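S.K.: In case you want the letters, here they are:
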Amino acid sequence: MVEDTLSRPASMDQARAWRVAAGVPDPEIPCVTVADLGILRSVEIIEGVAEVALTPTYSGCPAVIAIELAVETALLDAGFEVRIERVFSPPWTTDWITPEGREKLRDYGISPPAKTSTSKMGMFSNDEVNCPRCSSPDTRKISEFGSTACKAQYVCKACAEPFEYFKCI
Amino acid sequence: MTYAQPIKTAFVETLITLGDDHLILGHRLSEWCGHAPMLEEDLSLPNMALDLLGQANNLYSYAAELEGEGRSEDDIAFLRNARQYRNLLLVERPNGDFAHTVLRQLYFAAAMQPFWQATLNCSDERLNGFAGKAVKELATHIRHCGEWVIRLGDGTDESAQRMRKAVEELHIYTDELFQPNAAMRICVEAGLIADPAAQRDIWNTTIATIFKDAFLQVPEIAFPQQGGREGLHTEALGHLLSELQYMQRTYPGMTW
Chain A
15 MVEDTLSRPA
25 SMDQARAWRV
35 AAGVPDPEIP
45 CVTVADLGIL
55 RSVEIIEGVA
65 EVALTPTYSG
75 CPAVIAIELA
85 VETALLDAGF
95 EVRIERVFSP
105 PWTTDWITPE
115 GREKLRDYGI
125 SPPAKTSTSK
135 MGMFSNDEVN
145 CPRCSSPDTR
155 KISEFGSTAC
165 KAQYVCKACA
175 EPFEYFKCI
Chain E
879 MTYAQPIKTA
889 FVETLITLGD
899 DHLILGHRLS
909 EWCGHAPMLE
919 EDLSLPNMAL
929 DLLGQANNLY
939 SYAAELEGEG
949 RSEDDIAFLR
959 NARQYRNLLL
969 VERPNGDFAH
979 TVLRQLYFAA
989 AMQPFWQATL
999 NCSDERLNGF
1009 AGKAVKELAT
1019 HIRHCGEWVI
1029 RLGDGTDESA
1039 QRMRKAVEEL
1049 HIYTDELFQP
1059 NAAMRICVEA
1069 GLIADPAAQR
1079 DIWNTTIATI
1089 FKDAFLQVPE
1099 IAFPQQGGRE
1109 GLHTEALGHL
1119 LSELQYMQRT
1129 YPGMTW
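Chains as they are written, first to last, in our numbering: chain A, 15 to 183; chain E, 879 to 1134.
The shape of chain A in the complex, shown without the other chains:
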């Protein structure tokens, strides 16, 4: 579980720094925060400096630098000295999106990833994707890729709503 790998806030400063960092929204999908997505790995106060570990979703995610800057700025504004570390291991998975994050995505019109990430090498296989509007499982993939690397395009055959699906990786 993701909670096991995140450091628990040990002091009041640390708890406050975590809250500040955790509240930063994702620049591409502003309905969720970096904590909701599970890309904020840890916040520790070491010798007075807030040391933040963030992990990228995809290797080439163009939002990585924007996210790091936003977290740094938020902490600087809250009066912390900041050091940001980009961690790659263990690799991010959509399983780390929190239950609240999944709900926020659905409310925003993005279908959250199917529950467990597995290898998807089988040709022409599809995740079972529910419509974020009417919850129907009767949906069809239009495009494997969408406005960002992490999303695919679907359409609901029940209510005819086109929507984005947060791909499971």
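Among the hints, erroneous ones may be present.
[Claimed, not checked] Covered stretches of chain A, going by a simulated chain E footprint (3 or more residues, C-beta under 8 Å):
#1 70–76
#2 96–105
#3 136–143
#4 151–158
[Said to hold, decoys possible] Beyond 12 Å from chain A on every Cβ pair, some chain E residues (computed):
#5 900
#6 918
#7 1035
#8 1047
#9 1058
#10 1067
#11 1102
#12 1105
#13 1124
Hints were generated in silico from the structure; no laboratory data involved. These figures come from a predicted structure and were not determined experimentally. C-beta: ideal position from N, C-alpha, C; glycine also.
Assemble chain E onto chain A, guided by the hints.
M.R.: For chain E alone, kept in the frame of chain A given last:
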């Protein structure tokens, strides 16, 4: 991690070699942006390019850091000439038609996905982190491009004929996927990367399975083409680099 010589030099060279594969193929895919046969593919090809460019950036940054001589990842990408690049000949081949592009991507991903999977068991923690992401991303590339190879091979007379032509033209470059250069062999020996040669059977199986559904024959290659791993490239790489490096060569030190 710190490494003693001669491992350090070999590891830096290996990271750059792998980075070169990803940068050059990523650049090739990015050339499709705005030109793909349909909107969905206009999204998919640059998205796959982004995965590869991200992987190249990680590999180059780590190489620059290990080397410790003040080079940045941008210096490695933009300030070397063709003979200093160590990428596979396969990845520098021009895009050709859509059949060529998806087949080239399938050939590459089907070799690199198991390579990164096996590299997860190697000893360098940073590289393992990159590998963990690459494994997932390249699995998507295999699936997406494999589906297209099947659709086109099992499609109309025209699409099947184009797919066969792509196989005929690109298959001669695939042997090099399994031919590590001297630096890579040192890293294999030192347990830093998986052996590219050991991925051949998995690759053969993946390609044979997809080709069967696509009604394509796996050709016998009498004279496989290689040389990229030693810096001996086809004419295509120079043309690619002239575009890739244009800004940095014209305005040295430019940043944005």
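S.K.: A separate judgement is required for each hint: does it hold in the structure or not?
M.R.: Outcome of the hint check:
no., hint, result
1, 70–76, "holds (count 6)"
2, 96–105, "holds (count 5)"
3, 136–143, "holds (count 4)"
4, 151–158, "holds (count 3)"
5, 900, "violated (9 Å)"
6, 918, "violated (4 Å)"
7, 1035, "holds (22 Å)"
8, 1047, "holds (23 Å)"
9, 1058, "holds (22 Å)"
10, 1067, "holds (23 Å)"
11, 1102, "holds (26 Å)"
12, 1105, "holds (28 Å)"
13, 1124, "holds (21 Å)"
Consistency note: the structure conflicts with the earlier hints numbered 5, 6.
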